[in-house]
Amino acid sequence: MTQTVGITAFGAYLPRLRLQRKAMAAANAWANPSIVAQSKGERTMANWDEDAVTMAVEAARDALPQSADPIKSRAFVDALYFASTTMPFADRQNAGIVASALTLSEDIHTADITGSQRAGVSALIAGAEAVKSGSAKAALVASGDRRKTRAGAVQEFQYGDGAAAFVFGSENVAAKLIGTNSVSVDFIDHFRGESEEFDYNWEERWIRDEGFTKIAPKAIKGLLNKTGIAGSAIDHFILPCLFARIDQQIAKMCDIDPSKVRDNLGATVGECGTAHALLMLAQALEDAKPGQKILVASFGQGCDAALFEVTSAIDKVRPHRGVKGWLARRKEETNYIKWLAFNGLIELEKGMRAEKDNKTALSVTYRKRDMLFGLVGGKCEKCGTAQFPRTRICVNPNCRAVDEQTPFSFAELPGKILSWSADYLTYSQDPPSHYGMVTFEEGGRFLSDITDVDVGTVDTGTKVRMAFRIKDFDDRRGFRRYFWKAVPAS
Amino acid sequence: MASGIRDKVAILGMGCSKFGERWDMGAEELMVEAYLEAAKDAGVDTSQIQAAWFSTHIDEIGVGKGGTPLSVALRLPNVAVTRVENFCAGGSEAFRGAVYAVASGAYDIALALGVEKLKDTGYGGLPTGQPGTLLPQWGANGSAPGNFAQLASAYRAKHGVSKQDLKRAIAHVSVKSHANGTKNPKAHLQKAITEEMALNAPMIAEPLGLFDCCGVSDGAAAAIVTTPEIAKAMGKKDIITVKALQLALSNGLESMHNSWDGSYFHTARIASKKAYDEAGIKNPRDEVSMMEVHDCFSITELVTMEDLFISREGEAWKDVMDGFYDADGKVPCQIDGGLKCFGHPIGASGLRMLYEMYLQLQGRAGARQLKNPRIGLTHNLGGAPSMNVCSVAIIGAHGA
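Protein chains in written order, with this note's numbering: chain D, 3 to 492; chain H, 581 to 980.
I should point out that these hints are in silico values taken from the structure, not numbers from a laboratory. One or more of the hints may lead you astray.
[What the hints assert, rightly or not] Only pairs whose alpha carbons sit at most 25 Å apart, straight line, appear in this in silico BS3-like list of lysine-lysine:
#1 Lys699/H x Lys358/D
#2 Lys418/D x Lys738/H
#3 Lys352/D x Lys598/H
#4 Lys763/H x Lys951/H
#5 Lys738/H x Lys361/D
#6 Lys738/H x Lys763/H
#7 Lys465/D x Lys910/H
#8 Lys352/D x Lys370/D
#9 Lys418/D x Lys150/D
#10 Lys418/D x Lys743/H
#11 Lys598/H x Lys465/D
#12 Lys699/H x Lys763/H
#13 Lys812/H x Lys598/H
#14 Lys645/H x Lys358/D
[To be verified] Partner residues aside, some chain D positions facing chain H, computed with beta carbon under 8 Å:
#15 Ile209
#16 Cys401
#17 Ala424
#18 Phe448
#19 Asp451
#20 Asp477
#21 Gly480
#22 Arg482
Note that the coordinates shown come from a computational prediction; the quantities given were computed from them, not determined experimentally. Even for Gly, the Cβ is constructed at its ideal location relative to N, Cα and C.
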């Protein structure tokens, strides 16, 4: 008897800012009048303190069980695959950062999957295979991308920033994996050489006619043949594709009803690189009904395809916010210069205050890793006071117990602003720098950066959730620090 | 049982440099300027200085580390020099060191000197950077004004004061200090401002505008201390003695424990209570003649009026608006212009506050002289509201 393996949880993340393509076009039309054709809709825009890792962490939080004690509630995860082509580190495992931020067990298998736009679906397959083979009981697959383009490039309009995450397991499966199929072809539609900042893209018509419409159908038809499922049985067809109607054309070629082609979120999100197929899959699962079949495929030097069948467990694993929820958390951005600044595409005057050296003592980072990456403080076993950071002597003036604190995570606890300011003096990539004393009902507090915030929207009493973000950059050494910040909860 | 410091040590002489943007001077010259005035006032020669306490905060852009910069600048006779640093309260710390040294009987005459040369950074405001190797990895990305501005939001929430009312009250704090500064030729800022100007100034850190922030200045201040007996023997009249020296430090409660509401200084309440006990003051609102408090920001001064138990909790903003702390009010505060206008060379500020109280008590404060002050209080703060060092010192006429 074959074991049922499939998706047991899923989640997504989209940054709050939505850059208006009209504003992008207005800024670029002087040099490229034809760009006005790209003026419709909006794209997601990561905040300055977000990257593939932080977005993947958010998506994973969206997928994993909601619990005040993530150390315990996430202990079942025993493998993590992180997919992206915009990983912040070329050599330092990025999946490891995701795992630490999620306070996953350190006794698990983690791996980065990268190098191609289909890496997201490749990671899905890897996660499913790990469970199938028995090497993992629960594999977390997360993908995030924040793709970089030159200012004014058509891809700048087409891309978006986002992430999605899935948990694979064999119990309470909400979407059973029926099969997978892969085609590997060194078709160079674009490439990014070592140490290059931007992709180099070949002609779109060639990519469309020789690449997409030939390679993708091969993988998809192969999958249908392999699994013995007719194309006409597919209820949701997912194929991220920037060419208009080509996804429908490919569906037709595979006998799939073109009306089953999922919207590619082009109008509201843009294509989120390796995460995009996963994002579309997450959205499809939000709508899916038991018994429905979902085919997800992703193109990139070949094509990976996977077929799922939704089970009756689907109603029990809806994500916390999901694509729908994150889409609704939205703020229009019309300042193209801000976009350029957030993406390092323009050299803004930063002032001398930005000159401070952000060199990081890595031995400290390691020693304090649960505090810095997991927002883990302590709880005094004697008096019950939660405190951050964890220290040897209890902070409660009526206790002062020594060495009585056990690890206590604040990451999933709702917080409240006690005091705050919006600071125009200190250097910030997104001035004014908001920060304030964030308090937790269970006890504990710390002076925290506040992000994803507009001037005038924070006050004493404002409810916040904590989010894993980039703390700052060390441009001299190519390092970036991460820590947790408060984000207004609404 | 400890008997405290009251009347055990006298101030023999004090000096203070002109504060401000001293483009023509480095720390060494500023130290000499303050010291020469103090030595002259004390009537002592450098050879009589038996030990010194030296306060400076930012060694990267100032004088460097250690006590040698003072010893070399003043050509001290190879005596002990201890460098002290306790955030912005270092000046008071140096004073404590010298006072306790004399009180212990180990020395007859000791020097306390503080200096800061800030205007060599290339930009306005204090230098940036978080100390250590851990704090930069998680501490909020803030500045001094933003950290102190936290008080305003918590104070408004706790006492139900509207944004407009509190903004006007803190504007008045600054208007008053600017008015006082016009009468102080050594002050960094000597121009009066209007409430309108304060209210409409560019925002630095919500709700603190430009005029809610003190000057960042170069300067030095010094005190030479001895015992009252020696002072008398040297022919000194109107001897000013130390009545109380208290220092309270945060232990992490404010920043980590939810018992603190963010609207006041936990340390200042402790230090001031102890200081009043030490000085024998029962009712500070009536007994304190004048104060120099750590008005790094207008909101700091406002809440400090409550932490020193001069204003009732939640009512300082009303006292401020009533002019209680103005030059002609009941308890004049920042009569020399305060940090706001005299300026804030960090390591020197605690001594600068004592300098003004000392001049006032001796009737030597010129155009800003108050009528018959008896007791002067200085409040010198270092750090931020959620983690700080608070010094409260009280001086007065010997025997008062």
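A quick look at each hint next to the structure:
1. Lys699/H x Lys358/D: holds (17 Å)
2. Lys418/D x Lys738/H: Holds: Lys418/D and Lys738/H sit about 15 Å apart, inside 25 Å.
3. Lys352/D x Lys598/H: At roughly 33 Å apart (the allowed maximum being 25 Å), Lys598/H and Lys352/D break the hint.
4. Lys763/H x Lys951/H: Holds, because 16 Å separates the two Cα atoms, which is no more than 25 Å.
5. Lys738/H x Lys361/D: Violated, at about 39 Å.
6. Lys738/H x Lys763/H: Between Lys738/H and Lys763/H the Cα gap is close to 36 Å, so the pair fails against 25 Å, i.e. violated.
7. Lys465/D x Lys910/H: violated (42 Å)
8. Lys352/D x Lys370/D: Distance of about 30 Å is beyond 25 Å: violated.
9. Lys418/D x Lys150/D: violated (35 Å)
10. Lys418/D x Lys743/H: holds (20 Å)
11. Lys598/H x Lys465/D: violated (48 Å)
12. Lys699/H x Lys763/H: At roughly 24 Å apart (the allowed maximum being 25 Å), Lys763/H and Lys699/H satisfy the hint.
13. Lys812/H x Lys598/H: Answer violated: Lys812/H to Lys598/H is near 30 Å, above 25 Å.
14. Lys645/H x Lys358/D: holds (20 Å)
15. Ile209: Interface hint status for Ile209/D: violated (43 Å vs cutoff 8 Å).
16. Cys401: violated (10 Å)
17. Ala424: holds (4 Å)
18. Phe448: holds (7 Å)
19. Asp451: Asp451/D check passes; min Cβ-Cβ to chain H is 5 Å, inside 8 Å.
20. Asp477: At 15 Å from the nearest chain H Cβ, Asp477/D fails the 8 Å test, so the hint is violated.
21. Gly480: violated (17 Å)
22. Arg482: violated (11 Å)
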